[in-house]
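J.: Could you build all of it, start to finish, from the sequences and the hints given here?
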Amino acid sequence: MSNKERPDVSHISDVLRRDGDRVKRRLGEAVGGLSDKFDVPTRAEDKMHHAADAARHRAADAKHHARDTAEHARAQVGHLVDRATAGVPPVAGVGKRVLGAGRGRSLPITAAAIAGVVLVWWITRRRRA
91 MSNKERPDVS
101 HISDVLRRDG
111 DRVKRRLGEA
121 VGGLSDKFDV
131 PTRAEDKMHH
141 AADAARHRAA
151 DAKHHARDTA
161 EHARAQVGHL
171 VDRATAGVPP
181 VAGVGKRVLG
191 AGRGRSLPIT
201 AAAIAGVVLV
211 WWITRRRRA
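Sequential numbering of the sequence shown, starting at 91, is according to this note's numbering.
Keep in mind that the hints are not guaranteed to be accurate.
To be verified - Derived Cβ-Cβ restraints for the label pairs, each shown as a range:
1. 200 - 158: 34 to 44 Å
2. 155 - 202: 53 to 63 Å
3. 151 - 105: 56 to 66 Å
4. 175 - 202: 26 to 36 Å
5. 200 - 170: 30 to 40 Å
To be verified - The calculated lysine to any residue pairs, modelled on SDA-like cross-linking and capped at a C-alpha distance of 25 Å, are:
6. 153 - 165
7. 137 - 119
8. 153 - 163
9. 153 - 138
10. 186 - 203
11. 137 - 150
12. 114 - 102
13. 186 - 196
14. 114 - 103
15. 153 - 164
16. 114 - 104
17. 153 - 142
18. 186 - 165
19. 186 - 198
20. 137 - 114
21. 153 - 166
By construction, these hints were calculated from the structure, which means they are not laboratory data. Using N, Cα and C, we set each Cβ at its ideal position, and we do this for glycine too.
T.: Now the structure itself:
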């Protein structure tokens with residue numbers, strides 16, 4: 091055998107070693123991928139964590155929305171109360187003024203009230219007949 095026909099053993103062993111490493115790596119990836127797919131408890135736990143995170147996120151969004159709605163309602167009520175109190179005098183003040191004016195003139199006020207009741211009674215009686 092000549093030197094040309096003799097294979098380079100060091101070169102072949104390097105090639106075989108690289109091919110073996112490549113096969114091992116690919117086999118490890120394939121087995122690792124399959125083991126991940128068949129690891130049901132871990133996958134279930136991951137899904138549970140994702141669902142819990144999503145629920146926490148939705149709860150936080152709902153909480154912020156509820157706070158915003160409450161603040162908006164509070165502002166509207168404050169605005170309506172301000173409008174209601176600005177244009178009309180308080181009812182208690184009007185009542186006190188009417189009572190104060192009526193204390194000195196109780197007889198004319200009583201006569202006017204009786205006349206009003208009689209007038210209402212007479213009108214309702216005519217409508218029935």
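J.: Now tell me if each hint is right for this structure.
T.: Comparing the hints with the structure gives:
no.: 1; hint: 200 - 158: 34 to 44 Å; result: violated (57 Å)
no.: 2; hint: 155 - 202: 53 to 63 Å; result: holds (57 Å)
no.: 3; hint: 151 - 105: 56 to 66 Å; result: holds (59 Å)
no.: 4; hint: 175 - 202: 26 to 36 Å; result: holds (31 Å)
no.: 5; hint: 200 - 170: 30 to 40 Å; result: holds (39 Å)
no.: 6; hint: 153 - 165; result: holds (18 Å)
no.: 7; hint: 137 - 119; result: holds (23 Å)
no.: 8; hint: 153 - 163; result: holds (15 Å)
no.: 9; hint: 153 - 138; result: holds (22 Å)
no.: 10; hint: 186 - 203; result: holds (18 Å)
no.: 11; hint: 137 - 150; result: holds (20 Å)
no.: 12; hint: 114 - 102; result: holds (18 Å)
no.: 13; hint: 186 - 196; result: holds (15 Å)
no.: 14; hint: 114 - 103; result: holds (16 Å)
no.: 15; hint: 153 - 164; result: holds (16 Å)
no.: 16; hint: 114 - 104; result: holds (15 Å)
no.: 17; hint: 153 - 142; result: holds (16 Å)
no.: 18; hint: 186 - 165; result: violated (32 Å)
no.: 19; hint: 186 - 198; result: holds (18 Å)
no.: 20; hint: 137 - 114; result: violated (31 Å)
no.: 21; hint: 153 - 166; result: holds (20 Å)
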